[in-house]
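Quick note, the sequences are listed as chains A and B, same order.
The opening residue of the first sequence carries number 1 in the numbering used here; numbering runs sequentially from there.
The opening residue of the second sequence carries number 1 in the numbering used here; numbering runs sequentially from there.
Warning: the hint list may mix true and false statements.
Lysine-lysine pairs mimicking DSSO-like chemistry, simulated, CA-CA at most 30 Å apart [stated by the list, open to error]:
hint, chain 1, residue 1, chain 2, residue 2
1, B, Lys11, A, Lys115
2, A, Lys119, B, Lys181
3, B, Lys155, A, Lys115
4, B, Lys99, A, Lys91
5, B, Lys11, A, Lys149
6, B, Lys11, A, Lys119
7, A, Lys199, B, Lys11
8, B, Lys190, A, Lys115
9, B, Lys99, B, Lys155
10, A, Lys115, B, Lys194
11, B, Lys190, A, Lys91
12, B, Lys199, A, Lys103
13, A, Lys119, B, Lys166
These are computed hints drawn from the structure, not numbers from a lab.
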Amino acid sequence: MELSISAYNDTDKLLRGFYAYISEFYGDPLTVYFARSEEGESAADQDVYEAEAEKLLDDYGNSILRLAYSYLHNMSDAEDVLQDTLIQYLKAAPDFENAAHEKNWMMRVAGNISKNRLKYNRVRHSDELSDELTADGREDLSFVWEAVKSLPVMYREVIHLYYYEGYPTAEIAAILKEKDSTVRSHLSRGREKLREILKEAYDFGQ
Amino acid sequence: MGSKYGDIMDKVEVTAEMRRRIIRNIENYDFQRRALLQSNVRKRRYAALAGCLVLVLFAAIAIPKFMAQNTGVTDNGGTPVTTFSSINELSQSVGFTVKDINYLPFKVSKTKYADNDGMAEITYKDSGKNNAVYRISKGNEDNSGDYTDYGSTVKTDIDGSTVTLKGDDGTFALGIWNEGKLSYSIALSKGINKAGWQKMIESIR
Numbered sequence: 001m002e003l004s005i006s007a008y009n010d011t012d013k014l015l016r017g018f019y020a021y022i023s024e025f026y027g028d029p030l031t032v033y034f035a036r037s038e039e040g041e042s043a044a045d046q047d048v049y050e051a052e053a054e055k056l057l058d059d060y061g062n063s064i065l066r067l068a069y070s071y072l073h074n075m076s077d078a079e080d081v082l083q084d085t086l087i088q089y090l091k092a093a094p095d096f097e098n099a100a101h102e103k104n105w106m107m108r109v110a111g112n113i114s115k116n117r118l119k120y121n122r123v124r125h126s127d128e129l130s131d132e133l134t135a136d137g138r139e140d141l142s143f144v145w146e147a148v149k150s151l152p153v154m155y156r157e158v159i160h161l162y163y164y165e166g167y168p169t170a171e172i173a174a175i176l177k178e179k180d181s182t183v184r185s186h187l188s189r190g191r192e193k194l195r196e197i198l199k200e201a202y203d204f205g206q
Numbered sequence: 001m002g003s004k005y006g007d008i009m010d011k012v013e014v015t016a017e018m019r020r021r022i023i024r025n026i027e028n029y030d031f032q033r034r035a036l037l038q039s040n041v042r043k044r045r046y047a048a049l050a051g052c053l054v055l056v057l058f059a060a061i062a063i064p065k066f067m068a069q070n071t072g073v074t075d076n077g078g079t080p081v082t083t084f085s086s087i088n089e090l091s092q093s094v095g096f097t098v099k100d101i102n103y104l105p106f107k108v109s110k111t112k113y114a115d116n117d118g119m120a121e122i123t124y125k126d127s128g129k130n131n132a133v134y135r136i137s138k139g140n141e142d143n144s145g146d147y148t149d150y151g152s153t154v155k156t157d158i159d160g161s162t163v164t165l166k167g168d169d170g171t172f173a174l175g176i177w178n179e180g181k182l183s184y185s186i187a188l189s190k191g192i193n194k195a196g197w198q199k200m201i202e203s204i205r
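Looking at chain A on its own, in the form it has when it is part of the complex (with noise of 0.2 Å):
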């Protein structure tokens, strides 16, 4: 029996053919053979990521929410935004040294996917809550929120973190990468431009 290495390497191309021919049309036959195995681990990974997203969504769903909202002023681009931040922890599966840490890296994940859509204009233009304070008889805060949502991006988010999820200005550093001192330049400013509009309305603060 002649063995040659020419043999050896016809025989290694067309068993490597035979391989990506079977793959394209039944898919890889080893991911295939092991697929049925791996089922029973795939559902329970499943399971886990259910429980995960349930409890990330009663820890911090409401948080997120509302930052998305205050960026967006819709409700559907809110919600893709909580769904994609709840995707991107549960994919990264990140460690954290405690609870605060862990919602830091939430807002400042929310923030981020909430800024890329304000950037390329994939925003829908609808703003429920308007309506409502409207439908509502609520002119007073429906005054505040569109002073609110006139501002420029930079000192709406400072403003919301600080005011309504009460971060001091040293953590909403932190979560936006900015410097301290930015920070507190952008909330001052904020304040300046919202007591400019609200006048006696204003009750945001020092």
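Got chain A sorted already, so can you dock chain B onto it with the hints?
Showing chain B alone in chain A's frame:
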């Protein structure tokens, strides 16, 4: 705090319906992480199967001239295509970092990672006829292999790169760009608009 602003924001809440939608979408999301978590288990299994394949190879060598004169099915005239179960394995094989596209204009049901003679090739398919072929290779040549004479070609800046989009009737089926010393291309079975391309390329993480 701004109490009125607080009153306003309190109205923005995760509703039960919203919660159901999000959980359902997450249930249907194909997490790459799952593949990573299982890669170690898979590697052990693959090693065992690789042993069997070696035996098969040597058995095949023992068949003399028949094998040497095969009319075998090779691709690209014998250029080896090696498939992998994860993007990390593909990155190791091609020698540069490959990242997944996280947004595609269809629901991905199958992903194939392949090293096509040094070029990374990821094929995403849905359960129907939609697919996307994402290629990354060294150099600055168009690696798409798509020579269709499209009616429209535009250049647009996405994520810091100038992307050439090609298509017809307001939609684009092919996008090619360079970044550093690498060439990238995405070929879609069905064209999408410019905003869709922007979202898709930005999702490469």
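Here is how each hint holds up against the structure:
Note on Lys11 of chain B and Lys115 of chain A: the hinted pairing holds, with a Cα-Cα distance of about 22 Å set against a maximum of 30 Å. This hinted pair checks out: Lys119 of chain A and Lys181 of chain B have alpha carbons roughly 28 Å apart, not beyond 30 Å. Distance hint between Lys155 of chain B and Lys115 of chain A is fulfilled; the C-alpha atoms sit about 24 Å from each other, no more than 30 Å. Between Lys99 of chain B and Lys91 of chain A the CA atoms are separated by roughly 13 Å; this keeps the pair inside 30 Å, and the hint holds.
For the given pair, Lys11 of chain B sits about 16 Å from Lys149 of chain A by alpha-carbon distance, which is consistent with the 30 Å threshold. For a cut-off of 30 Å, the pair hint linking Lys11 of chain B to Lys119 of chain A stands: about 26 Å separates their Cα positions. Between the alpha carbons of Lys199 of chain A and Lys11 of chain B the distance comes to roughly 24 Å, so the proposed pair stays at or under 30 Å and holds. Distance hint between Lys190 of chain B and Lys115 of chain A is fulfilled; the C-alpha atoms sit about 29 Å from each other, no more than 30 Å.
Restraint check for Lys99 of chain B and Lys155 of chain B: the C-alpha separation of about 23 Å stays at or below 30 Å, so the hint holds. About 19 Å separates the Cα atoms of Lys115 of chain A and Lys194 of chain B, which keeps this hinted pair within 30 Å; it holds. For the proposed pair Lys190 of chain B and Lys91 of chain A, the alpha carbon gap of about 28 Å is at most 30 Å, so the pair holds. Between Lys199 of chain B and Lys103 of chain A, the direct Cα distance comes to roughly 26 Å. Compliance with the 30 Å bound is thereby established for this hinted pair.
Distance restraint check for Lys119 of chain A and Lys166 of chain B: the Cα-Cα separation of roughly 24 Å lies within the 30 Å cut-off, and the hinted pair is therefore satisfied.
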